[in-house]
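Asker: Please construct the entire structure, taking both the sequences and the accompanying hints into account.
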Amino acid sequence: MSSARTDTERHLRALELPVVAAAEALVGCTMTHGATSGVIVEAEAYHEHEPACHAFAGLTDRTWPLFAAPGIAYVYRSYGIHALLNVVVEPEDVGAAVLIRALEPLTGEDLMRARRGRDRATELCSGPGKLTQALGIELDLNATSLLDGPIRLGPPPPERPLPRVVAGGRIGITRAVELPWRFCAAGSRHVSRPWPAGLLAS
DNA sequence: CATGGGATTGACT
DNA sequence: GTCAATCCCATGC
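Numbering (our numbering) for the first sequence: 312 to 513.
These aren't lab readings, by the way, just hints derived from the structure by calculation. It is possible that some hints are incorrect.
Beta-carbon label-pair distances, calculated as ranges [what the hints assert, rightly or not]:
hint : residue 1 : residue 2 : range
1    : His360    : Leu323    : 19 to 27 Å
2    : Gly498    : Leu370    : 33 to 41 Å
3    : Pro402    : Asp451    : 20 to 28 Å
4    : Pro461    : Asp404    : 21 to 29 Å
5    : Tyr387    : Arg500    : 25 to 33 Å
6    : Glu489    : Tyr387    : 39 to 47 Å
7    : Pro472    : Pro505    : 17 to 25 Å
As the structure is a computational prediction, the values presented were derived from the model and not from experiment. Every residue gets a Cβ at the ideal spot worked out from N, C-alpha and C, and that includes glycine.
Answerer: Encoded structure:
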């Protein structure tokens with residue numbers, strides 16, 4: 312695929328892929344809620360067969376959206392404080408999702424600044440808890456469709472080259488840390504953390 | 001039913 | 001670098 316051409320179906324194709332490929336393919340796509348939107352610059356894959364995934368515990372009151380059809384949001388409370396946004400993928404009855412970890416702000420930056428109480432563009436959406444705050448996403452949007460809204464997953468912005476993607480270990484987990492299931496837009500200043508030296512080119 | 005910990009962030013030393 | 005905030009859920013007694 313040419314990196315100089317965007318693709319209006321990329322987000323839809325990503326929803327049909329296995330979760331690791333989906334996480335990589337979603338980098339460069341857009342996420343929109345109301346007037347705010349951004350380009351995904353960091354995402355991580357989670358799958359029920361590995362212990363860092365909530366779905367590892369099986370089907371529960373908390374995890375059921377992970378086992379639902381691809382294209383819905385899994386939004387959960389982290390550390391009692393933050394709402395974290397995932398894109399559910401893989402067929403129904405398979406628990407898998409892509410955690411959206413960082414966005415490059417595209418529209419509604421001033422509203423993001425007001426919600427976040429921060430000015431610099433790189434402080435608005437550079438973390439999974441930050442971007443939900445910037446976009447106004449809370450737990451009431453759990454299990455809603457990412458194709459019909461209110462939150463919308465969309466294709467990469469037209470006329471923008473797709474980013475090169477680098478892979479590395481996932482952040483903030485204690486189990487299955489060896490899996491290189493974190494994907495970042497190479498060179499982006501909007502990621503949650505700079506990638507370590509060991510990151511592999513994709 | 002009590003408890004421990006977490007896919008985080010921001011403030012502070 | 002350290003640490004508290006804060007709450008839902010899974011686990012174990």
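Asker: Does each hint fit the structure? Answer for all of them.
Answerer: Going through the hints against the structure:
no., hint, in the structure
1, His360 <-> Leu323: 19 to 27 Å, "25 Å, holds"
2, Gly498 <-> Leu370: 33 to 41 Å, "40 Å, holds"
3, Pro402 <-> Asp451: 20 to 28 Å, "26 Å, holds"
4, Pro461 <-> Asp404: 21 to 29 Å, "26 Å, holds"
5, Tyr387 <-> Arg500: 25 to 33 Å, "28 Å, holds"
6, Glu489 <-> Tyr387: 39 to 47 Å, "24 Å, violated"
7, Pro472 <-> Pro505: 17 to 25 Å, "21 Å, holds"
When each numbered hint is compared with the structure, a violation occurs for hint 6 only.
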